[in-house]
Amino acid sequence: MSTADEMRLMDLLADRAVGELSVAEQAELAELLARHPEFDENSLDQAAALFASIAMPETHESMPEDLRRRIEAQANRIVPANRAKNSLAFPSSAARETTRSLLGRSLSWGGWILAAGLLIGISFLGREKGKGTSESAARKLEQFLATEKAYVRADGTAPDLKIAAGATGSIYWSGGQRQEGYMKLKGVPVNDPASKQYQLWIFDKERDERYPVDGGLFNVDSSGEVIIPITPKIPVKEATMFVITREPPGGVVVSDRKEIVLVASLK
Amino acid sequence: METEASSEKSDLLVRIGQGDQSAVRLFLDRYGGWIYGLAKRYTRRPEDLEDAVQEIFLHLWTNAHRFNPSLSSEMTFVTMLARRRLIDRRRREDRTPVLDQFPADVCAPAVELSTVLEHGEEVSRAREALQFLSMDQRETLQMAIFQGMTHEEIARKTNSPLGTVKTHLRRGLIRLREVLDEAATGRRVIAEGGAS
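Protein chains in written order, with the UniProt record's numbering: chain Z, 1 to 267; chain L, 1 to 196.
Only chain L is shown next, with the shape it has when bound in the complex (with noise of 0.2 Å):
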């Protein structure tokens, strides 16, 4: 019998495309709970949480073959595209904030970096990748992307102008995805205000 242990970590969803079929249960017990938190984080009203994580998983199984080992993990390509259904869902979504609804504990900042789940080489470089962003970008960073939190809540929560909060989020990101790039290459990253 197949189990986990034996599953290749990028195995799943290149044959969830082929139509394998024994494939879906391995992958719900590697990835359900994951994006069911993952929606949680984002759904503003608890009702249509269900609704967001079966939309996801539809969208996985259609899109399954898209998926390409040789330029990502499994992982950041299932939570990216999971990110992605989110954030399109939240656009259709009346924007009054209601996080409130849920519990304090599924809203509340709760990344410690030190309790981070090990998934591979690509988590283990973006981890380090995230010393060369300011204290400020990786803050903004973690309320953006992990509580799924809008530039206006978190304006509001860090008393920040809106400007300034994009700003972060810009700069971070695109310095996060520069220093892996360099990390994956090779190169030299040089630190956020100095040399490393």
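Okay, chain Z solo, but in the shape it has when bound (with noise of 0.2 Å):
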């Protein structure tokens, strides 16, 4: 990054700290930021966080005790929602990281950092683009779930309602020798490939849960029931949980989880 570029985006993110950006100012800051993903958006906002709560006078307000009832009757209908992302949430304090990067620029919120690190060098070789449904698709599924006794099945839901409103979908997958699976989706909106696409991740009980395996990239042409091959990048040993993200077109090897379509969970 250039100098120029790097004190013009710290300028940005300090002004959108302190609240003060124009329109003209936010685009500019999103095409400055999509030119530097690997710049810290975040860090000048922690920083006011921080500043703002040295300053938290010992005396707190009192919350009006009815609108905390409401607070809490939002909480109950909106917190057990959260139980389907709970697999996706960060490894127990004893698996997290002793040392502690305070602001540091090359960590972002998302938790499967370190997967794609891992998995950087096999996502990038022969990535395949899943297509919608297709006759052969439907047909493989039927045929796999004819002669395969060994299969499991995982239902899923959408548990962000802003992305997939009502998308539902089952996963059917056989690990061992066959890795061989498919997504029966139902509702999962129809994607621009231009714009965005379909990624799926596999959690395998084998590895650490920060290390989901890429099971590749596809797109909904219709919105109807479609069905999709999955095609692990490398081997699943005790599939436990399968999650689609919604990505950038050509997928990536690190999902910030920003847009989650689906949760499918064996457990």
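If you are wondering where the hints come from, they were derived from the structure by calculation, not from laboratory data. Computed from a predicted model, the values in this text were never measured in an experiment. Note that the Cβ used here is the ideal one computed from N, Cα and C, for glycine as well. Wrong hints could be hidden among the right ones.
Heads up, incomplete: computed chain L residues facing chain Z, CB under 10 Å, no partners named [unchecked claim]:
(1) F57
(2) L81
(3) R156
(4) R170
(5) R177
(6) D181
Computed footprint of chain Z on chain L; a stretch qualifies when at least three of its residues, placed anywhere within it, have a C-beta under 8 Å from a C-beta of chain Z [unchecked claim]:
(7) 27 to 37
(8) 139 to 147
Here are the simulated SDA-like pairs of lysine to any residue, each with C-alpha atoms no more than 20 Å apart in a straight line [unchecked claim]:
(9) Z:K233 to Z:D221
(10) L:K166 to Z:R16
(11) L:K166 to Z:S22
Two independent chains are provided; combine them into the complex using the hints.
And the structure:
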């Protein structure tokens, strides 16, 4: 990154952190961040948040009781839905990194960063772009279900209603020697491959949960039911969960998990 | 029964992110007053205050899974998300300043560094880092971040050109981040205008 770009980025991020960014500057910031994805866009927001908490007065404001009751009621409706994302959360405290990088530039909020590091070489090799439902996929699934006795099935739902309201799906998977599987999805929004693609991640019991296996890219070209073959990039020993994210064209080696489309767990 | 004392400092949001409803009450005990006070400072119209607080908590419930305890404290994460929502709301609002609609004590500076609430290593480090900011930078940041004043309001209050206010804020915040970064990585910190 050039010094000029870095200085401009820092200025814009500082302006954003104190809440003074015009529409034109927001667009400029977005463009600069897109050009420099390695830049930690949260660092100045974090510094501002820390500054705010330093100044936290000893006397707390009291939240009105009726407001608190409303917020609790809201939480009781929403928080249980987070359970679907449970297994996507960060690892237990014992496994957490012990070295804290308070405002490190290279880290983002995502928990799959190390996973990508492991798989980076593999994921770029032989990446296949899956297609929406085809007759052959439907036939292959039928054959698979008829011949494979040891397959597992995981049913999934969409954890984020904004991204894929009402989407459901079933994953049929056989590990071991076969390493074959299919997704039968319903209600997953049709995607424009030039803008976004779907990517499957397979969580393997034999691997650290930070290291999901890249299960392949695919597109959905029909609003009805679609059947997509699973194409894992490396062998999966014991699948525990399947997660579909929406990513930029070509997919990612590191998912920031901002757009989770479907979660199907075998647990 | 689980109590606040038995709950790790950074565990509540993780639990909420995992769908644990029992963490909600403790979370509200811990952060309810803080968020409410923060929202009061950033919300221009008193009638919008409760909506703003509810919006922040809705955002926290749905984004709890994004919290990574290895990157920041829970308090910093919560404050960061809350401030972002408040700033977004303000952008949507009429920018006419109506600060005088809140009682004076809410909007008054009232931020003495001796009256801070300790909540961990991060804050102690940040407090120490303040000495590396110039007085102008520190005061301008206090007005912008703690009181939620706009650049224009700060310029009027301090009789300074808008550009100067902007420079103080940018340089102050960037400097604060640099000092925190240096402290976290054990590098030598150079004071503003001289060596430490």
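Hints, verified against the model:
| no. | hint | in the structure |
| --- | --- | --- |
| 1 | F57 | 5 Å, holds |
| 2 | L81 | 8 Å, holds |
| 3 | R156 | 15 Å, violated |
| 4 | R170 | 4 Å, holds |
| 5 | R177 | 4 Å, holds |
| 6 | D181 | 5 Å, holds |
| 7 | 27 to 37 | holds (count 7) |
| 8 | 139 to 147 | holds (count 5) |
| 9 | Z:K233 to Z:D221 | 23 Å, violated |
| 10 | L:K166 to Z:R16 | 12 Å, holds |
| 11 | L:K166 to Z:S22 | 13 Å, holds |
Violation of the numbered hints given earlier is confined to hints 3, 9; the remaining hints are satisfied by the structure.
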